[in-house]
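Each chain, written out:
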Amino acid sequence: MSDQLEHRSVISGIGISKVGRKTGLSGIELTVSAARAAIADAGLVPGDVDGLTTIGDTSRAAVQDALGLQLAWGVTGNSAEDGNAAGAQLGAVVNAAMAVASGLVRHVLVYRTVQMKGGDVTGTNAVTGSREWMLPFHEYSAVNMAAMVAQRHMHDFGTTREQLGAIAVTARRHAALNELAVYRSPMTMADYLGARWISEPLGLYDCDVPVDGSVAVIVSAADYAADCPNLAVRIAAVGTALRGRPSWDQGEDYPRGAAWDAAAHMWSRTDLKPHDVDVAQLYDGFTILTLDWLEALGFCAMGEGGTFVEGGINIGLGGSLPLNTYGGQLSAGRLHGYWLLHEACLQLRGQAGARQVHGADVAVAAAGGGPLGGCLLLTR
Amino acid sequence: MSRVAPLITELNRHFWTGGAAGELKFLRCVDCGYYLHPPAPLCRKCFSDNIEVAAVSGRGHVVTFTVNHQQWRPGVEVPYNVALVELIEQPGLRLTTNIVGCSNEQIAIGMPVTVQFESAGDASDPVFVPLFRPL
Chain A
15 MSDQLEHRSV ISGIGISKVG RKTGLSGIEL TVSAARAAIA DAGLVPGDVD GLTTIGDTSR
75 AAVQDALGLQ LAWGVTGNSA EDGNAAGAQL GAVVNAAMAV ASGLVRHVLV YRTVQMKGGD
135 VTGTNAVTGS REWMLPFHEY SAVNMAAMVA QRHMHDFGTT REQLGAIAVT ARRHAALNEL
195 AVYRSPMTMA DYLGARWISE PLGLYDCDVP VDGSVAVIVS AADYAADCPN LAVRIAAVGT
255 ALRGRPSWDQ GEDYPRGAAW DAAAHMWSRT DLKPHDVDVA QLYDGFTILT LDWLEALGFC
315 AMGEGGTFVE GGINIGLGGS LPLNTYGGQL SAGRLHGYWL LHEACLQLRG QAGARQVHGA
375 DVAVAAAGGG PLGGCLLLTR
Chain B
-9 MSRVAPLITE LNRHFWTGGA AGELKFLRCV DCGYYLHPPA PLCRKCFSDN IEVAAVSGRG
51 HVVTFTVNHQ QWRPGVEVPY NVALVELIEQ PGLRLTTNIV GCSNEQIAIG MPVTVQFESA
111 GDASDPVFVP LFRPL
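Line by line, the protein sequences give chains A and B.
One point on numbering: in our numbering, the residue at position 347 of the first sequence is 361, and numbering is uninterrupted.
One point on numbering: in our numbering, the residue at position 73 of the second sequence is 63, and numbering is uninterrupted.
Keep in mind that the hints are not guaranteed to be accurate.
Unchecked claim - With beta-carbon atoms standing in for the labels, derived distance ranges: (1) A:321 to B:60: 38 to 48 angstroms; (2) B:115 to A:134: 23 to 33 angstroms; (3) B:21 to A:130: 43 to 53 angstroms; (4) B:115 to A:176: 44 to 54 angstroms; (5) A:142 to B:65: 42 to 52 angstroms; (6) A:372 to B:38: 54 to 64 angstroms; (7) B:125 to A:90: 22 to 32 angstroms; (8) B:61 to A:36: 14 to 24 angstroms.
Hint data in this document are derived by calculation from the structure and do not stem from the laboratory.
In this text, a Cβ means the ideal position worked out from N, Cα and C, and glycines have one as well.
Chain B with its partners taken away, still in its complex shape:
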């Protein structure tokens, strides 16, 4: 079965559609440069509401991961991995995601990775889920 898709709003549209052009995008504070994740209407560091959408490199490293064996969602093949990836742009800027392009046994904490996208949701108006592969 396909991935669960998010509800798209004006606040998160950049994140879930940036992958159409191969870009991983976050909200970022124009004044202090802090990336905001999850998306928020003001900067939680300097409280500026001068916020822009900014593309990042898509590169990061694996902070931790798990190989899930339990069948939670009908049709999703197990085992599969879930990983936490921290992006190079900012300490603590992390995505819960999946590692692709290698076996579950090859995943390691600290492993450098780069983003790639998988479409999900309504085929006529898809979202693009950011996944990561070994760099």
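In isolation and in its complexed conformation, chain A is listed as follows:
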């Protein structure tokens, strides 16, 4: 499979902005900070960048202009749709890899910038699209959809609150080793269980932390790997498929989500197997979504995610599958899947400091929940 598109590009550089609660920084300031770091990390200057992708919000036009980029190509993939077969949040990386593989561009700047939003999230009358089937029933937030998935998982498989809590408590333990993480003070299981409900059976610490921040990566032609100042991270396989219905509530396999299609797609494009993975960075917008990814990617059988994470042994540093080693969105902050990708690259480069997983040769980064799912298998 040496000719497949994934092998024609590498991740040559990574960058991250200041991350925090209500930083007061604008989207373009955050983005430029991450982008300049990623470009320099790749050993490039802005004039070398000829492609630009994102999944929206801080606009490509603003970033192109601010950095004086001379682009051959750029595209914004929209992840705000309730389903897409494009790799979900990580789709901008896949778009970049495809553009590089096609020969159209050589160095693509990929970014995701997230800012805390205030105000009324519930909308007004005359809703259409997927929201038509949610808002009239007081379903205003993805936490409600995730909570219903969790409730069903508990019913079908005996999954417990303590098992979901192991994901949150382990993430906080890892965040203590990451000076960029927003919440680093110790969290106990009692803290987790005692937190207020958001949407039963999910409580406050089942939900990720809204922050301001930006991550950028550079996707370059594979032949640039030899010139990279840092180890070029290789893309072994992408998972972008969405074969089921693009919906939170109509899927034939409910409560299984798009993660299952994306994961199966990814494994179909590589000879590597789940047991080859040394470190996993799996979307934790809500704890139950991480559990779904663990099962979908085959790290445990369907329904056994709770047992797998229980006590935080397997998923801790030194465990069989260290998970969300930077603290995850649950403790480090919600950068919409891109901090997961950044951490996967750091681990493969051996630059994760106190939280480094020794001998990390294969990593997976996955993002999305419900009808959104995309994943990347990455190697040294």
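We have chain A; now place chain B onto it with these hints.
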């Protein structure tokens, strides 16, 4: 505060107004009998565009549910439940909805339910939101 109301179109009018007569209505493929939800102009199973509006029994069961505690919309009293109900007419034909007529503590996965309607939107041209109560 009242419920958010949908934009009514020719494609969804049957769904949101059927409750005026106490009927829960979906689009259904005349050729293969498949119910289409959300409403669509052709059958996603057999690709026929021979589509009719059909009333269903309004009976189903609770697939899953949540009790929401977070105040998302000003004026909506919390906690309240959100549930996923599957109708008896077709596996996978589901509505995200609310359970009424019992306490949140009494809701259980598998519980049989039946539809009832609550009006919303413009009082002069209301829509009828399908909710479910224990059967």
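Residue 321 (chain A) and residue 60 (chain B), beta-carbon distance inside 38 to 48 angstroms? violated, 29 angstroms
With respect to the beta-carbon atoms only, verify the hint that residue 115 (chain B) and residue 176 (chain A) lie 44 to 54 angstroms apart. holds, 50 angstroms
Is the hinted range of 23 to 33 angstroms satisfied by the C-beta distance from residue 115 (chain B) to residue 134 (chain A)? Because 24 angstroms falls inside the window, the suggested range holds.
Could you tell me whether the CB distance from residue 21 (chain B) to residue 130 (chain A) stays inside 43 to 53 angstroms? holds, 50 angstroms
Has the hinted range 54 to 64 angstroms been met by the Cβ atoms of residue 372 (chain A) and residue 38 (chain B)? holds, 59 angstroms
Take the C-beta atom of residue 61 (chain B) and the C-beta atom of residue 36 (chain A), compute their distance, and say whether it sits inside 14 to 24 angstroms. Distance hint for residue 61 (chain B), residue 36 (chain A) holds at roughly 20 angstroms.
Falls inside 42 to 52 angstroms, the C-beta gap from residue 142 (chain A) to residue 65 (chain B)? Given about 23 angstroms between the Cβ atoms, the range is violated.
Range hint compliance [Cβ, residue 125 (chain B) to residue 90 (chain A), 22 to 32 angstroms]: Cβ of residue 125 (chain B) to Cβ of residue 90 (chain A): about 48 angstroms, so the range 22 to 32 angstroms is violated.
Of the numbered hints listed earlier, those contradicted by the structure are 1, 5, 7.
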